[in-house]
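So the chains spell out like this:
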Amino acid sequence: MTATTTAPVAAPQTGTPARRPSARLRAWATRAPLLPALIFMIVVTQLPFVATLVISFFDWNSLYPGARHFTGLDNYQEVLTDADLRHSVWTTVLLTVAVVLASLVLGLVLALLLDRRFRGRGIVRTLLIAPFLVVPVAAALLWKHVLYNPEYGLLNGLLHYVGGPQPDWISTAPLLAVEASLVWQWTPFMMLILLAGLQSRDHEQIEAARVDGASDWQIFVHLTLPHLRRYLELGALLGSIYIVQNFDAVFTITSGGLGTANLPYTVYQSFYQAHENGLASAAGVLVVIGSIVIATFALRVVSSLFREEVSRA
Amino acid sequence: MSTTAPHARRARGKGAGLGLLAWLLGIAFFLPIAWMALTSFHSETDAATNPPSFAASLTLDGYREFFGAGGGASPWPALINSTVASVASTLLVLLLAFPAAYALSVNRVRKWTDVLFFFLSTKMLPVVAGLLPIYLFAKNAGMLDNIWLLVILYTSMNLPIAVWMMQSFLAEIPVAVIEAARVDGARLPTVLARVVAPISLPGIAATALICFIFSWNELLFARVLTGVVAETAPVFLTGFITSQGLFLAKVCAASLVISLPVLAAGFAAQDKLVQGLSLGAVK
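Chains as they are written, first to last, in this note's numbering: chain Y, 569 to 881; chain R, 473 to 755.
If you are wondering where the hints come from, they were derived from the structure by calculation, not from laboratory data. Just so it is clear, the structure is predicted and the values come from calculations on it, not from any experiment. Ideal Cβ positions, reconstructed from N, Cα and C, are used throughout, including at glycine. Don't take every hint at face value.
[Claimed, not checked] If you only want the chain R side, here are some residues facing chain Y, beta carbon under 10 Å, derived:
1. F513
2. T521
3. P523
4. Y535
5. A569
6. A573
7. L588
8. S640
9. L664
10. V667
11. I671
12. N689
13. R695
14. L709
With the rest of the complex left out, here is chain Y (with noise of 0.2 Å):
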């Protein structure tokens, strides 16, 4: 009886009724179902580049083991000197800053038009979504093959129409055409941050401003802009996160040639067909500090759009 009556009491602090638990067992009670998702983390992510790190100090070719040796900041002196590194850094922001670009302006349009009402809005939702939801590999090989091919290719196609000329895509713009599938593909991405951004507004603010007579322009400049400017920064930054690190593209529609290896692809490259481990190492460390420049961006406008949910709620 006694059992029944006080259990229900004690348990919701500790579960031994009788003692009263010290401030440091609950605060743990408290961890602990955080722990296997923090420590998974921090040795799935973290331990990985602590041993590039260590690595990238070590003059090793993965052809000869026995040849590995420390070599301080050579590699990071080798990596620098690089023209073909050099060349894919360029690459790699010539080809973010295109694309994220061109998928803003473009889905900024886009949601501007989806913010009103017409009819079969959500059908041109849903067809303006399915570019993204094409697995990327395959978006690749659509424009590669299906789009770009300069003998069957739909491009050249269509053009044949109108008597146009049958440009070999790839070959004469191949960063461009690179570029054009990502635009396809994360146009939709920023569509869909600036449409939750517009549909944020605050309407009544709008409404007063259209009574006191102010025009469409007018109150896109002055009201809606502003209030966008955090989604448009969200959207350029996650799409940045994204498009540097972007491999599939690149690795399928010119396999790196033509110009075009980035980065995340010369990475690839140099420790899988040069084995060239402390290189490739070095190029990451180098590739870390360029994202962790645009992820200080970045978490500072995720954390202004939280701290402004958590202080709402």
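Got chain Y; can you put chain R on it based on the hints?
Just chain R now, kept in the frame of chain Y:
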């Protein structure tokens, strides 16, 4: 009255014009996929024509070829591997992320925002920089070409997304509901399984779909760490990178079949897609 009527009519006309523009852009974006679908049902000779054969007769030959009727490699092992890797890693992600999200939203640990941002920051480090040590580890541990290695890596890839999404879902559960269960003497695993999980089921489902999509799509790890045994569907697709004579219908069929699970999962999670992709920052 007489001044507002034309204004309204003009506004309606403009609205219809913009609606039409939205339709045109939607169709333009969808066109490559529609063309891919149509081509997959054409014979190889009809698929590779210029000008394109829109009205050619339809056949399932492309699909038969893809599934190995012509003597090529069967895609089934790759499809099964992808299914195992995606489903198993998604389950593992949920198992780890759900209690973690609880400790970050309901019964919060100290400095919970720092922990959340630690998870997020791991997403921002490029995969390629950790690839070599993982490859060397797998080689020494005899885990190369082993699907379970991919399961572990995909779990780490998706865990931050899942923690962020789930913590925002769990934060919406009224504290009183959980308090009531705990006062009744239920232990934490019971509270999580019997009280928190049923309430947050739609959120868990959306999280699962998004983790599934990312695992299914992944190429770089799979390409480097698997060979003939554990090859996944995207790796199978890389076999089509170089042209092999008339193979357009087969490529289209392959791309479509392998994208189908993602298209289905994506449309099912449509309204939660943004939240997942923005790591929970946008609702």
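Results of checking the hints against the structure:
Annotation: R/F513 was flagged as interfacial toward chain Y, and the flag is violated, the nearest CB pair being 13 Å apart, outside 10 Å. Interface hint status for R/T521: upheld, as the beta-carbon distance to the closest one in chain Y is roughly 6 Å, under 10 Å. Evaluation of the R/P523 hint against chain Y yields a held restraint, the C-beta minimum of about 5 Å falling below 10 Å. Because the smallest distance between the Cβ of R/Y535 and any Cβ of chain Y comes to about 15 Å, over 10 Å, the interface hint for this residue is violated.
The restraint placing R/A569 at the interface with chain Y holds, with a minimum CB-CB distance near 6 Å, inside the 10 Å limit. Of the supplied interface hints, the one on R/A573 holds, with its beta-carbon coming within about 9 Å of a beta-carbon of chain Y, less than 10 Å. The restraint placing R/L588 at the interface with chain Y holds, with a minimum CB-CB distance near 8 Å, inside the 10 Å limit. Interface hint at R/S640: satisfied, since its Cβ lies 8 Å from the closest Cβ of chain Y, which is below the 10 Å cut-off.
Nearest Cβ of chain Y to the Cβ of R/L664: about 8 Å, under the 10 Å cut. The hint holds. With a least beta-carbon distance of about 13 Å to chain Y, the hint placing R/V667 at the interface is violated under the 10 Å criterion. This hint is violated: R/I671 has a C-beta 17 Å from the nearest C-beta of chain Y, more than the 10 Å allowed. Here the hint on R/N689 is kept, as its CB sits about 5 Å from the closest CB of chain Y, short of 10 Å.
Checking R/R695 against chain Y: minimum C-beta separation of about 8 Å stays under 10 Å; hint holds. About 5 Å separates the beta-carbon of R/L709 from the nearest beta-carbon of chain Y, less than 10 Å, and the hint is met.
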